[in-house]
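> Produce the entire structure from the sequences given, and follow the hints as far as they go.
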Amino acid sequence: MSAKRYDSRVVARARALVAAGWSAYRTAQFIEKEFGSKPTITTVRLWTDEAYAEDWRRRNRQSTRRNWQKNNSHASESISPERALERIRLMRQHSLSPKAISIVAGLWWGQEMTPAEVEGALKGRGMLVNRAKRGDFLRGGERVS
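In our numbering, the protein residues as written are 73 to 217.
Here are the simulated DSBU-like cross-link-like pairs (lysine-lysine), alpha carbons at most 35 angstroms apart as the crow flies:
| # | residue 1 | residue 2 |
| --- | --- | --- |
| 1 | K195 | K171 |
| 2 | K76 | K110 |
| 3 | K76 | K142 |
| 4 | K142 | K171 |
| 5 | K105 | K76 |
These are calculated hints, taken from the structure and not from any lab test.
Keep in mind that this is a model prediction, so the values were computed, not measured.
Written out as structure tokens, the structure is:
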């Protein structure tokens, strides 16, 4: 839903009415009669109450940040150790170094690994191999059974 734009005359009139003691509800009704478009009560409060507007902007920023973090988390994927080993082997086949693979593993599925751990996984030993035998899953570096 896109934001409706109001003329500055509408905003000025709403501010004058609220300053004169009108409620946001009555102000919205009057604006509709005078200008033909009824703003929401929230919109009137955003125009007329600076504390409310600042709190609304703060909550909006927090919500936007949470959504961005959730949608852009590189470690949000749940992956089996078998699949992780498969990806490690594939990256190695494409000539990535163990150091590069360890960085990608941290970004890709949130599993922090050292280059030595990557080399161990490629040789069939270490944490990923043990997890694969147990049937655990990796999600953000945490064990999920």
